[in-house]
Structure formats: structure tokens, C-alpha cells
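Undergrad: Produce the entire structure from the sequences given, and follow the hints as far as they go.
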Amino acid sequence: MEKTLADALIVMGKAIGAGLAMGIGAIGPGIGEGNIGAHAMDAMARQPEMVGTITTRMLLADAVAESTGIYSLLIAFLILLSL
Amino acid sequence: MNKKAKVGLIIFIVVYFTIGIINAFYFVPKDTSEVTQGLASRWIVQISDKSAWYTRLNPLTIAMSWAIIIGLIIFAVKVGKNFKIIPDRKQSITESVFDFMYEIVESVIDDPRFVKPTFTIATTLFIYIAVSNILGGAVPGLNVSIANGSVKFTLFSDTFFAPTADLNTNLTYALMVFVISHAFAIKAKGVKGWLKSWFEPNPIMFPMNVIGELAKPISHSLRLFGNVGGGAILTFMLSYLVKYLLLPIVFWGFFGIFVGLIQALVFAMLAVAYISAQIS
Amino acid sequence: MEMFEINLTSVVQLMSFLLLLYILKKFLYDKYFEITDARKEKIEGEIKKAESLRKEAEEYKEQAKIELQKIRERTDEIIKKAKEEAEKIIIDAQIKAEDEADKILKSAREQIKRERAEMLSEVEQKAGELAIVLAMKILKGALDEKAKKEYLIKVLKESEK
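As given, the protein sequences belong to chains A, B and C, one line each in that order.
24 is the number of the first residue of the first sequence in the working numbering; add one for each residue after it.
321 is the number of the first residue of the second sequence in the working numbering; add one for each residue after it.
380 is the number of the first residue of the third sequence in the working numbering; add one for each residue after it.
Everything labelled a hint here was simulated from the structure, so no lab data went into it.
Pair ranges (Cβ atoms, derived):
{"hint": "1", "chain 1": "A", "residue 1": "49", "chain 2": "B", "residue 2": "510", "range": "45 to 53 Å"}
{"hint": "2", "chain 1": "C", "residue 1": "444", "chain 2": "B", "residue 2": "430", "range": "46 to 54 Å"}
{"hint": "3", "chain 1": "A", "residue 1": "78", "chain 2": "B", "residue 2": "510", "range": "38 to 46 Å"}
Beta carbons are placed, not taken as given, at the ideal position from N, Cα and C, and that holds for glycine.
TA: Encoded structure:
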């Protein structure tokens with residue numbers, strides 16, 4: 024297969040796009056999960072007898088907050104592998 | 321751990337490493353691009369000559385989901401046949417899962433008429449998705465890869481394919497939950513009340529309501545699909561990096577058991593929440 | 380874009396899911412609901428049973444109390460009766476003793492009276508005899524003054540004895 028400048032540009036665009044998608048997409052879930060974790064810790068320190076319930080709810084909230092990050096991971100894979 | 325389990329574990333490890341070594345020496349693609357090119361593709365079979373959405377099938381998804389469903393049915397018949405007041409081991413596991421789900425559903429759904437149907441749907445979703453996610457994330461099994469249009473099977477180079485890693489499954493279930501929630505809303509409030517709920521704060525909000533309702537199944541399905549599909553791709557790439565020899569069980573544990581169970585629970589609970597939001 | 384393709388698989392998945400739902404409902408959920416209901420009923424029945432047993436025990440306790448009260452009353456009555464009887468007996472005995480004492484006194488007095496009367500009559504008889512003897516002696520006149528006196532004193536002494 025003859026490598027041309029266009030192919031090289033395509034590969035570069037894919038790499039840059041996937042990197043940006045993953046990198047920027049990870050900011051939001053990072054902040055969100057950090058907030059959730061911090062407040063869960065606060066609540067646990069305030070009410071140590073509720074640790075079980077708070078942990079379950081925290082994991083659920085994490086899973087919901089994480090979903091945008093997962094979308095960006097999916098988009099990054101899509102860009103890298105199938106486009 | 322008793323003797324039977326020990327013997328089983330030893331047999332499993334021996335078979336696993338033997339097949340891993342065979343895989344590593346004979347079936348590993350020499351070129352990296354050869355591995356990644358089939359990663360985002362699916363094995364799709366066209367039934368007839370005409371290419372339309374209703375003539376194309378994903379055989380792997382159907383096979384895996386039927387395997388899970390048959391396993392669940394066998395378990396259900398086995399456990400359900402001798403359901404007693406004083407439970408044995410299997411029954412108490414089943415009942416603890418049911419109790420957990422029933423408490424959640426009972427606390428979320430206000431109308432006592434809809435508690436049992438909602439519980440039935442949510443628990444079935446939870447069990448099916450949890451089993452599928454764990455199978456797809458933590459159990460080493462058959463890998464099916466598509467390379468240049470031909471299907472290739474590799475043993476123990478990847479985890480099993482989870483039916484929930486296919487968007488067909490997730491979108492179907494999310495749409496089913498959507499339809500069920502609206503059916504319950506019509507049953508609870510009547511057709512007039514249901515139509516009125518679209519113009520809830522004031523009639524100007526009607527388009528927003530429509531968009532919000534349509535966004536529900538899409539985000540609902542894509543969340544699960546992203547988690548399971550992304551986890552599957554990550555697991556596959558990591559197992560390629562270690563040349564299929566020693567699959568990182570920690571990674572499997574995270575993407576299979578932890579994320580899988582939590583996403584199954586999130587899917588079921590979001591279904592309950594959508595139904596509850598519609599009928600109240 | 381094969382990852383995002385929607386095709387006939389979705390319909391198959393829906394069918395299989397509905398089948399799974401039906402079978403799980405038939406074999407697990409219905410039995411689970413049944414069992415939980417049965418368990419609830421059993422617990423409620425047990426609670427009711429315990430309640431009824433408690434009530435019965437309370438009734439028995441009440442009955443025992445009443446019985447005890449009755450027994451106490453009866454013993455009180457018996458003791459009272461016994462006391463009364465004892466008092467009666469004591470009084471009877473006193474009266475009897477007094478009567479007897481009276482009787483004894485009376486009889487003793489009567490005896491004394493009788494003896495006195497007897498003695499009196501005896502003394503009278505003797506005095507009469509003496510008087511007759513004296514009179515006969517005086518009448519005889521053959522006695523001197525001195526002998527008379529001695530004799531009189533002697534007789535008197537004898538009679539005094």
C-alpha cells in the first residue's frame with residue numbers, strides 16, 4: 024500500500040481526535056466523581072452508622088456520572104478503530 | 321474450598337494455560353493493525369439477498385443471550401420447583417437478591433398496584449444484565465474476531481461476548497422500559513391524564529417534554545452499551561498486550577464484576593425511576 | 380459503524396427477553412410472592428397464637444386469683460367460727476363452773492343449816508331432859524344445897540361439851 028500524505032494526515036487526525044475526545048471527556052466525570060466521593064466521605068464522617076447505604080448510593084451516583092466519560096471512550100474507540 | 325473445587329480449579333488453570341500458549345504461538349496475529357481492525361466490527365449475517373435492517377442478524381449476540389437465558393431458565397426451574405418457607409442455600413441467594421430489589425422498588429413506586437409488575441421487570445432486567453456483564457467481563461472464553469470478512473474463533477484469548485455489548489439488546493430493553501412506563505402511565509392516570517402530562521407546566525413546554533422523553537431511552541441504552549462495550553474493547557486490547565498468555569484478572573474483575581454489576585443495577589434502577597416518574 | 384447497527388437482532392432479543400420474563404415470573408416471582416405472603420401469614424398467625432395464649436394465661440391467672448380469694452375467705456370464716464366456738468365453750472364452761480360452785484355452796488349452806496338445826500334440837504332435847512331430871516331432883520328435896528350446886532355445875536359442864 025502506497026503511503027501518501029493524505030493517509031498520514033488521516034492517521035494524525037484520528038489520533039488527535041481520539042486523544043482530544045478522551046482527554047476532554049474525562050474532565051467532567053473526574054470532577055463529578057470527585058465531588059460525589061468528597062460528599063460521600065463527609066456524610067460517612069458525620070454518620071458512621073450509615074456507611075453501607077452511603078457506599079451503595081455513592082457507587083450508583085458514580086456510575087451515572089461516569090457515563091459521559093464512557094461515551095467519550097466509546098467515541099475515541101470509534102474514531103481510532105472503525106472510522 | 322473443598323476437594324472438588326480444588327480439582328476443578330487445577331483443571332481449569334491447566335487447560336487455560338495450555339490453550340493460552342497454543343494461542344500465543346499459533347493464532348496471534350503478527351501485525352498490530354490486524355488485531356485492531358476487527359475490534360469495532362460485529363459478526364453480522366445477512367439472511368436474504370436484500371440488504372435491509374430486517375434481514376441482518378448478529379448471530380453471536382443471539383447465541384450468547386440464548387445461552388444465558390437457557391441457563392437462567394434451568395436455574396429458575398430448579399430453584400422454583402422446591403420453593404419452601406425455610407429456604408436452602410440457592411433459594412436464600414435468590415431471595416436475598418429479590419428482597420434487595422423489592423425494597424428498592426417498594427420505596428420508589430408510590431402506587432401499590434404497580435409494585436409487583438415493576439419489580440418483575442426490574443429484577444429480570446437486573447439478573448439478565450448482571451449475568452451477561454459478568455460473563456462478558458470476567459469469564460475467559462471464546463473470542464470471535466472478524467478479519468477481512470471471514471470469521472475467526474479463538475479460545476481463551478478474550479472474555480465471552482456479552483449480549484449487552486451489542487446496542488441492539490440495550491436499545492430494545494430501553495425502548496421496552498419506555499413503552500412499559502407509558503403504558504403504566506395510561507393505566508394509572510387514564511388517557512386524558514397521560515395526554516395532559518405532556519403539557520405539564522404549560523403548553524409551551526411540549527417540545528421539551530418530547531425531547532426529554534425521547535432522550536431517556538437513548539441515554540439509558542448508551543450508558544450500558546458504553547460501559548460494557550468499552551470494557552470489552554479495553555479487556556481485549558490488554559489481553560493482546562500480554563500476548564493472551566496471562567490475562568490480567570484484576571482488570572477483568574474491575575470491568576466485569578464491579579462495573580458490570582453496578583451498571584446492571586443502574587439500568588434496573590433507572591427503569592424503576594422512569595416508570596415511577598411516569599405513573600406519579 | 381457496525382457497532383451501532385440496529386437490525387433484526389433487536390426483535391429476537393425482545394422476544395427472548397419476554398420469554399425469560401414469562402418463565403421467571405411463572406417459576407420464581409409468583410412463588411417468591413407466595414412464599415413471602417405465606418411467611419407473613421405464618422408470622423402473623425404465630426403472633427396471634429401467642430396473643431391468645433397470653434390472654435388464656437391471663438384468664439387462668441385471674442381465675443387463680445379468684446380461687447385464692449375464695450380460699451382465703453373460707454379460711455377466715457373457719458378461723459372465725461372456731462374462735463367463736465372456743466369463746467362459746469369457754470363461756471359455757473364458766474357458767475357451768477359458776478353454777479356448780481353455787482350449787483356446792485348452796486348444799487354446803489343447807490347442810491350447815493341442817494346440822495345446826497339438828498344440834499339445836501339435840502341441845503333442846505338434852506336441856507329438856509336435864510330440866511326434867513333437875514326438876515325431879517328439886518322436887519324430891521332430899522338434896523342439900525351444896526350437892527345441888529355441884530350437880531348442876533357438873534351437868535352444865537357436860538352439856539357444854
